[in-house]
Amino acid sequence: MATRVGVEVSIALADAVKLANPDVIAAYPITPQTHIVEHLAELVANGELDAEYIPVESEHSAMSACLGSSATGARTFTATASQGLALMNEVVYVAAPMRLPIVMAVANRALSAPLSIWCDHSDMMSVRDTGWIQIIAENGQQCVDNIICAFRIGEDKRVLLPVMVHLDGFNLTHVIEPIELPEQSEVDKFLPPCKFPLPLNPDKPVAMGDFAPPIIFTETKWAQEMNIRSSKKVILEIWNKYYKAFGRKYSPVEKYHSDGAKVVLMTMGAIGETASVAIDEMVAEGQSVGQIRLRLWRPFPFEELRESVKDADVLIVLDRAISYGGPGGPLASEVKAAFYDQVKKPKIISFVGGLGGRDITVAGFKDIVKKGIEIAKSGSKKEYEIYGVRE
Amino acid sequence: MTKETSLMEIRWHGRGGQGAVTSTEMLAQAAISEGKFAQAFPSFGPERRGAPVQAFNRIDSREPVRIRADILQPDYVVVLDPSLLDKVNVTSGLKKGGWVIVNTRKNASEIKSEFKIKYPVATVNATKIAREVLGVPIVNTTMLGAVVKITGVIDKKSTHAPLEKRFGRLGERNIKAMETAFEQVAF
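Top line first, the protein sequences correspond to chains A and R. Start counting the first sequence at 0; every next residue gets the next number (numbering that gives the first Met the number 0). Start counting the second sequence at 0; every next residue gets the next number (numbering that gives the first Met the number 0).
For reference, chain A alone in the conformation it holds in the complex:
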C-alpha cells in the first residue's frame, strides 16, 4: 500500500516518470523545471532507472531527440518551461501530426521580456495550437497521477498523440507537500508497455511527417483535428480506470460547490486551491458562489464546461496570461466562444492576474469575485479587468 510522504513536487513528478519506466529522456535544464530533470538524470546515473538520458545542448534539440526516439517506439519523456518551450516551439508542432506519444512536463513560467523566472501561463498559451493533449495539474498529487495517465493516454492506439502536463512553476515545482506515490507493481498493471504501431525500423522503412502538397495537406490536418477531438472519450476512460485502480478521480472540468451556485469562478493551475479557500469562506458567509477548475485544456471540454455552469448567472474567468491587443485572457476567450451560440448562458467576466509570480491571496480571490459580480450588474466597456495592477 502506498503511503503519503512529504516530498518536493518536482521530485515526486520525476519519480512518477520513473514508475512509468521510460526508455528515453532528452532534456535541457531551465528554471523552474530544473529539479525534475536533475532528479531523473540522477536516477539514471545511479542505475535506478534503466533509460537513456540524453543531455542535449538546447530545448530545440531536446524535442528533436524526443521525436526521433518516440518514432522508434521508445517511451519518451522531456520537461521544460518558458523560454525553453519557446525555443523548442517549431519542433513541438511536429510531434502531434506525426502521432508521437511523447510526454512533456511544463513547469509554467512567464515569457520574457522583462525576464521573469516566476509562474504564469504565457508559456502554456504559446503552445495552445500545437495539437498536444494538455492537462493542467493543481497540486503535487495531480502531477504524479497525470504523468502516469499521460503515458497511457498518449500511447493508446486510438489516440497516439503527445501529452503535456502543466504544473505551475515554483507554486508547485518547489513546494514540499504530502504526496502518495503508487507502488511499481500497481503502475505496471495500469500502464502496459509502449507498443507504437509503426516504429522506425531499417528493415521495414517508413516515412513520417513527409512533404505534403496542397492536394493532401488539408486532409492530414483534418485527420489530426478529428484525432484530438476524439481523444477526449479515451482520456475520460483512462481517468476512470485510474480512479478504479488508485482511487483518485479526474475530470476535464472539476466542480467545487458549483452546482446551484449563481456565481462561479473558473481557475486553472495551482492558485485554484487558494481560490477554493476563498470560496469556502464566501459559502460560509451565505453567498451563492462556486468554482470550476479546468483540468483539460486541449481537447477543450465544451460540453463539460457548459454543464458545470448551467445554474450560474455569472461566470468569472481568471487567466494568468494576456493576449496583447486582443480580447484579454486566452482562457476567457475560449469560454466566451463556448457559450456564444447558447441560448442560456452566464455573463462571462474576464480577469487577468497572477502574472510573473504575483500571488493572489484568499482575500484577493474574494475581491475578484466581488468585483466580478459588480461588473456583471453594471456592465463594463473594457474587454477584461486586470487584477491588482498599480496604475
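The set of hints was computed from the structure by calculation and includes no laboratory data. Quantities reported herein were computed from a predicted structural model and do not represent experimental measurements. Just to be clear, a hint being listed does not mean it is correct.
What the hints assert, rightly or not - With a straight-line cut-off of 25 Å between C-alpha atoms, the simulated SDA-like cross-links for lysine to any residue are:
| id | chain 1 | residue 1 | chain 2 | residue 2 |
| --- | --- | --- | --- | --- |
| 1 | A | K365 | R | K95 |
| 2 | A | K261 | A | E303 |
| 3 | R | K94 | R | E62 |
| 4 | A | K248 | R | E62 |
| 5 | R | K164 | A | N45 |
| 6 | R | K86 | R | G97 |
| 7 | A | K248 | R | R61 |
| 8 | A | K376 | A | E306 |
| 9 | R | K156 | A | V4 |
| 10 | R | K86 | A | D358 |
| 11 | A | K248 | R | D59 |
| 12 | R | K127 | R | K156 |
| 13 | R | K156 | A | A1 |
| 14 | R | K148 | R | G134 |
| 15 | A | K365 | R | L71 |
| 16 | R | K94 | A | E284 |
| 17 | A | K254 | R | P63 |
| 18 | R | K94 | A | T360 |
| 19 | R | K148 | A | V4 |
| 20 | R | K94 | A | A283 |
| 21 | R | K155 | R | F186 |
| 22 | A | K335 | A | I385 |
| 23 | A | K365 | R | Q72 |
Use these hints to put chain R onto chain A, whose structure you have.
Frame of chain A; chain R shown alone:
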C-alpha cells in the same frame, strides 16, 4: 470564518546559505509523517548567499493545506540570524499573540526592548550549540529544535527520520543539535 482554523503558519527568516529552506523541509516532512498536512516552500527566486531570505511552513492537523501564496500573517516567525532584526521587519503581519523565535546570545527581554518587539519572544543561542555539536555555525537544524518546542506542532522524535535521511552520517549530530536547542530555548 465560521469554523476555527487548524492551520498554523510559520515564516522563517535567514540569510541565503543558512539552510532555512532545509529547516522548513524537515519540519514539513516530520509533520506529514505524523499524518498531518503540511507545506514547505522558499521565497521563490534566485538565491544569493548572505542575502535576507524567507522560507515558509503551513501545517494543518485536520485538512489538506490549499493556500498557495507567501505567508503574510504568520503565527510564528523564526529568525536564524540576529543581524536581520534591525534590517528586516520580521514581525510584519505577525498575528496577535504570535511568537518570535530568535537565535541570539541575548535573552528575550533584551531582544524585546532593543528591537521594540511587542510579541512574545523565545531565544536560544543556536550558533553556540551548532558550533559545539556540529562544529560549524550553521543553525538551521538547531533552530528546528527551538521551533518544535515553542510551537508544539509535532513530536520532536518525528524530525529524526527526515534529519537522518537528509544528513546521512551527520544525521545523529544534527539530531543532537536539534535536541539541545529543544532543551535550551528560553521563553
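Here is how each hint holds up against the structure:
Restraint check for K365(A) and K95(R): satisfied, since their Cα atoms lie roughly 23 Å apart, inside the 25 Å limit. For a cut-off of 25 Å, the pair hint linking K261(A) to E303(A) stands: about 17 Å separates their Cα positions. With a C-alpha separation of about 21 Å, the suggested pairing of K94(R) with E62(R) holds against the 25 Å cut-off. Restraint check for K248(A) and E62(R): satisfied, since their Cα atoms lie roughly 19 Å apart, inside the 25 Å limit.
Taking the CA atoms of K164(R) and N45(A), the gap is about 17 Å. The hint holds against a cut of 25 Å. For the given pair, K86(R) sits about 20 Å from G97(R) by alpha-carbon distance, which is consistent with the 25 Å threshold. As the CA atoms of K248(A) and R61(R) are separated by approximately 22 Å, the hinted pair is consistent with the 25 Å bound. Between the alpha carbons of K376(A) and E306(A) the distance comes to roughly 23 Å, so the proposed pair stays at or under 25 Å and holds.
About 16 Å separates the Cα atoms of K156(R) and V4(A), which keeps this hinted pair within 25 Å; it holds. The suggested pairing of K86(R) with D358(A) holds, with an alpha-carbon distance near 24 Å, which does not exceed 25 Å. Of the pairs offered as hints, the one joining K248(A) and D59(R) holds, with about 23 Å between alpha carbons and a cut-off of 25 Å not exceeded. In summary, the hint linking K127(R) to K156(R) is supported, as the alpha carbons are separated by about 23 Å, within the 25 Å threshold.
With a CA separation close to 23 Å, the supplied pair K156(R) and A1(A) stays within the 25 Å bound. Using a Cα cut-off of 25 Å, the hinted pair K148(R) and G134(R) holds, with the two alpha carbons roughly 23 Å apart. Taking the CA atoms of K365(A) and L71(R), the gap is near 17 Å; set against the 25 Å cutoff, the hint holds. A distance of roughly 23 Å separates the Cα atoms of K94(R) and E284(A); the hinted pair therefore holds under the 25 Å criterion.
Between K254(A) and P63(R) the CA atoms are separated by roughly 18 Å; this keeps the pair inside 25 Å, and the hint holds. With a CA separation close to 17 Å, the supplied pair K94(R) and T360(A) stays within the 25 Å bound. Of the pairs offered as hints, the one joining K148(R) and V4(A) holds, with about 23 Å between alpha carbons and a cut-off of 25 Å not exceeded. Taking the CA atoms of K94(R) and A283(A), the gap is about 23 Å. The hint holds against a cut of 25 Å.
A threshold of 25 Å between alpha carbons decides the hint, and for K155(R) with F186(R) the separation of about 18 Å falls inside it, so the pair holds. Annotation: proposed proximity of K335(A) to I385(A) holds, straight-line Cα distance about 17 Å (limit 25 Å). Under the criterion of a C-alpha separation no larger than 25 Å, the hint pairing K365(A) with Q72(R) is consistent with the structure, at around 17 Å.
In the structure shown, no violation is registered for any of the earlier numbered hints.
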